[in-house]
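Enquirer: Residue strings, one per chain:
Protein chains: 2
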Amino acid sequence: MILSALLTSVGINLGLCFLFFTLYSILRKQPGNLRVYAPRLVAERKLKQKAEFNLERLLPSAGWVKRAWQQSEEDLLENSGLDGVVFIRVFTFSLKVFTIAALIGVFILLPINFLGNQLVIDFSDLPNKSLDSFSISNVNNGSKRLWIHFCAAYVFTGAVCYLLYHENKVITLKRIACFYASRPQAHQFTILVRGIPVQAGSSFSESIEQFFTEYHPLTYLSHTVVRQTSKLQQLMNTAEKLYGTVDQLKSEERTSQGPQRLGLFGNKDRHLRTLEKKLEVTEDSMRTEQSSLNKKDVPAAFVSFTSRYGAATATHIQQGVNPTEWVTEQAPEPDDVYWPFFSASYIRIWICKLVVYVASAVLTVLFLLFVVIVQGLTHLEQLESYFPFLKSILTIAFVSQVITGYLPSLILQLFLSFIPPIMKILSSIQGYISMSEIQKSACNKVVWFTIWNIFFANVLSGTALIQVNVFLEPKKIPTLLAEGVPAQASFFISYVVTSGWTSVSSELFQLVNLIWSLPRRVFSKKVADDLKVSSIPYESEVPRILFFVVLGITYFILAPLILPFLLVYFCMGYLIFRNQLLNVYAPKYETGGKYWSIVHNSTIFSLVLMQIIAIGIFGLKDLPLASSLVIPLPILTLLFNDYCRKRFLPILKGYAAECLIKKDREEQNDPRMTEFLENLTVAYQDPALKPSQYSRNTDRQTSPLLQPTEI
Amino acid sequence: MILSALLTSVGINLGLCFLFFTLYSILRKQPGNLRVYAPRLVAERKLKQKAEFNLERLLPSAGWVKRAWQQSEEDLLENSGLDGVVFIRVFTFSLKVFTIAALIGVFILLPINFLGNQLVIDFSDLPNKSLDSFSISNVNNGSKRLWIHFCAAYVFTGAVCYLLYHENKVITLKRIACFYASRPQAHQFTILVRGIPVQAGSSFSESIEQFFTEYHPLTYLSHTVVRQTSKLQQLMNTAEKLYGTVDQLKSEERTSQGPQRLGLFGNKDRHLRTLEKKLEVTEDSMRTEQSSLNKKDVPAAFVSFTSRYGAATATHIQQGVNPTEWVTEQAPEPDDVYWPFFSASYIRIWICKLVVYVASAVLTVLFLLFVVIVQGLTHLEQLESYFPFLKSILTIAFVSQVITGYLPSLILQLFLSFIPPIMKILSSIQGYISMSEIQKSACNKVVWFTIWNIFFANVLSGTALIQVNVFLEPKKIPTLLAEGVPAQASFFISYVVTSGWTSVSSELFQLVNLIWSLPRRVFSKKVADDLKVSSIPYESEVPRILFFVVLGITYFILAPLILPFLLVYFCMGYLIFRNQLLNVYAPKYETGGKYWSIVHNSTIFSLVLMQIIAIGIFGLKDLPLASSLVIPLPILTLLFNDYCRKRFLPILKGYAAECLIKKDREEQNDPRMTEFLENLTVAYQDPALKPSQYSRNTDRQTSPLLQPTEI
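Protein chains in written order, with full-length UniProt numbering: chain A, 1 to 711; chain B, 1 to 711.
Calculated from the structure, these hints are not laboratory results. Small disclaimer: the values here were computed from a predicted structure and weren't measured. You may find that some hints are simply not true.
In silico lysine-lysine, DSS-like type, Cα no more than 25 Å apart, as pairs [to be verified]:
| no. | chain 1 | residue 1 | chain 2 | residue 2 |
| --- | --- | --- | --- | --- |
| 1 | B | K646 | A | K353 |
| 2 | A | K476 | B | K476 |
| 3 | B | K588 | A | K653 |
| 4 | A | K353 | A | K653 |
| 5 | B | K169 | A | K646 |
| 6 | A | K231 | A | K241 |
| 7 | B | K663 | B | K169 |
Just a sample of chain A residues kept apart from chain B, beta carbon distances all over 12 Å, derived [claimed, not checked]:
| no. | residue |
| --- | --- |
| 8 | Q199 |
| 9 | S230 |
| 10 | T324 |
| 11 | I635 |
| 12 | L639 |
Even glycine gets a Cβ: it sits at the ideal position worked out from N, Cα and C.
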């Protein structure tokens, strides 16, 4: 890729970003768009809808930037929970890391790279200059200047580790502080028990009651056996929909009883009869289903305790003699429970897990084929040889620049957007019991999927198409990476500009939601009251951000030109996501910043990757001494990682006895606790059996059958 | 190696075994040898020493075999604890596995191998026939008969997995039963706390008292802060020895006050004065040391609870907010505590661990060089080319047969005997707090050391000297092993015969102890009362047995000729170790069969190794379909292993809440518990500070200083 192609790409994307920003700042002020750009504020009824028109509404303004900037971390914590704070801290952490990187990279490494003459360069023609002349490939082989790159690797690793340690410390302290500040929450007092053994003649419920009253007599409070309600839930949804339609049809019938509609009325009448028939059938099956629910007990239950410490004790110590029975784990928040999948037996969960691992691997491998084809687009000659009829079009300079600079990453981007939902489905099969766990696991899968399928596939497809072979010869990996990674520098710089910049600005603009909202506004007269405020889709956003962190750290030594573009990305991301957290997204549940471990792991991974590539590149550049002297660096980094895992990971996973007991004591004499504990006994009822689910629809006249029966 | 060489070796070793057995059955009946052959019975005063002489004492008899055989598992459990039972069960498990293997191997695989004609064989000369003609190498390439080997691999894997599952189940059930049957023991109620944080102005003791009375008010009983007593311990030992010598000299002085010894007396007098001076100096330093002991508190303490469940709760839940502080673990038995090494900080233990890993790796690599040289002895030509002057000796048939059949494994054996103590030292640096943990860790290290340095070094040195290279190209491993492993079959058959048979029979004969006991009996007139009964050196015995298991499983398909020899080994081992457990060894502490996990792991490892070699060998034998069809086998085996780890490992590691609470309740109303809990508060005092240590020496007049002062 030449410099002018990059500049074209930067130009297009800057233009797009600017366009998005301008449009956003105008559109967000239109009252009709409030449900797109500030659904959270609408839902929380924090907005006064000004109906009168004024000129100001049509002028772009940067007020939102100011508001996003001014928000303090305390506000953020209150608005979006610790998860939101951690999410924003990923940006600040990246900004810190890449500011240091950019200072070293742009002011020290870039000039050195540019002044080398390993690659044949025509100094007169800067715009047509290959981007490779800004990369380490341009430094002369065996040059003493490479020692500066060597020092940069050490300094940068030290800096990143220091920042990582600091960030870990801050986040874990915040997590504990949040715990101390929290009101009593159902999930803190509750555990999930699976693999409940049962004696002949007694039910699961009796078995649980007996076990916990015997072994936890002081702290045991109550339990809720999980039931297989997925079928009932489906039937209920169907019935609810049918009832809604029937209701609407009936009301229309009532209002339009004129002779002019007689023909139509006959049709509608028939339709109404069919629907009512259907509704009856559904209600019948629901009745059958409900009466058989008692037999559909799953050997799993939510068991509540009177204290947090009691619950933690039951989670941490193996309860039954057989470790595959009475398996306990911390319960998720009631809203966070993933009801559809409650794998019954230990073995089944275990098999599901294995199947999901295999499925993820297959998905990853199949995706590679696609990536290889897309990657071919950056090599115009290859494209021409595959599709000869394109030759005439590709000779036009602008077209070829767009294709090499823009199209590949756009296609990749499109297909990658299908991955997070797929991974989420896979994770949900894996046997997690909470949405947040599923989301976190999907997030982790997507991170590694992205790194493998974008980074490695791109880097290695030019040199070795079948990657598996490479990983069977680990000795060659540093050299192979050192050859492949710098060669793809231009692709990734353009990737940052196109994919990175566009993704954050389109996040702000919410194009899809905007388009979706239009037909609804035109056709549906009454504005439905049930506005759904979504939470941040962590499983797609976190991997995207982390991938840029990986790119930045990996290319820090090789092609520092990428760093300024990354800084722009993280600055934009910081502002835009603060704005979105304020206006758009509302957290559904809180994990207390558990996502941070994924960030930590991928940062360590990219550091080690950078160091391995450094080993390879110093070898290639005829500086074997530097190559060997880098070897301690990955070892030290991994030791640092090991220490951090010991020091911080336990805090992210659970809470210490000290915290739990302190918190329990604080509330011991709180009069509100009695009420809380009373509510706790019903907190973990399946929504399919809960009356509260229908409270939303009480404005309609609900069919008596939709009221769940007492079981 | 040819058949006659093997037969020579078998002959020599059978003779040796027979000799040992005969000598043993005679010598054990001599009263003077009781301290060698039945120290346990002597110590427990279970033997009536018959002084009168009769002829029966000089005749060999097999009564000990009968006694060893008749002993029931309950007796064994009572005598040697669960560790002893598990140790013997390793033999019965191996016997079961290799009976199945031998049935398939000798009656099905061996004839098939022998009837092949891949290797050029002269049928007329059986004694000079290479042992390779009994191995799979002799089956014709691409022969359909190899499918029988293929089936054998599947059947054998299934059988071993079934037996392993069964054994795991039996052992875990026994472990729980033993726990229920046990009397209250100090270590069940106690935990070790490390990384105790301390506020300025307060001591560790106050800090612990405060923390546990605050967070475990109901179950906390007492604590004992650990002190750095290694120096005091050393001084005490020196003082004790000096005092003993002075005492003896004085008493001699008193009895022999005649003029005839005047010259000698002057000398002795001077010697006595020097010793007394020394004693004084030592006592002075002891005084200084004791007075400064208060300042030598280590941030570690044994904390006792009033219930087992209380202790378990404190172990399983992270106590302090910072996971590197208040680190808890289950305390070992008081006699099992390894006092000399109490690493203070979390970081220091962590660094020590890393250092030990590196040291073990270095030891392993350095030992390889030595093995390579020894391995050369089986190739006579190589030896002749290295040492030309040996040519004339080596032409003598007997010498060459002894050298190839006997010498290499003897030398290896000798050097290997230094490894367990070295590994034990390394493990003790690793920061374990109990002897049993150190022993178990050393055992594990020695197992892998043996497998690597005997198995892999022998197998690969012929084909690829620098093994590290091999493991960097994992794709080639199956082929490489398939080439190397069958080629070394004859070496390992002779290894089983020489090293295996000799080791068990010499275990019975206790040659070293017998020789050591002779001078003592001759020169020392009074028989010292403090007879030391040792426990089984698991760290050297378990790896030896497991190595034969690995050999047997690995060579099951390749060279079934090894199996009968292994069966003989395990039969002898079973009888002899039962006898030794009865007469010689007494357990010092009990781990409750924790060693079993090492046995399980190495069995799984050898199964997978066997399967990987099978993949390679079917490939080499032009049967690619069989080669691919074996691939699911290691995957299934690893899945089985994963299941077992989940199902049984937790039981080997700790006890479930159910067990602990049941046991606690049982003893709740036991009047003896009050006394037990009172004793518990002093159970974990450092022996250097305990009065009881000197009670042994109360028959001598102890120096008042040797009485530990109250601190």
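Enquirer: Go through the numbered hints given earlier and state which of them the structure violates, listing their numbers in rising order.
Expert: 3, 5, 10, 11, 12
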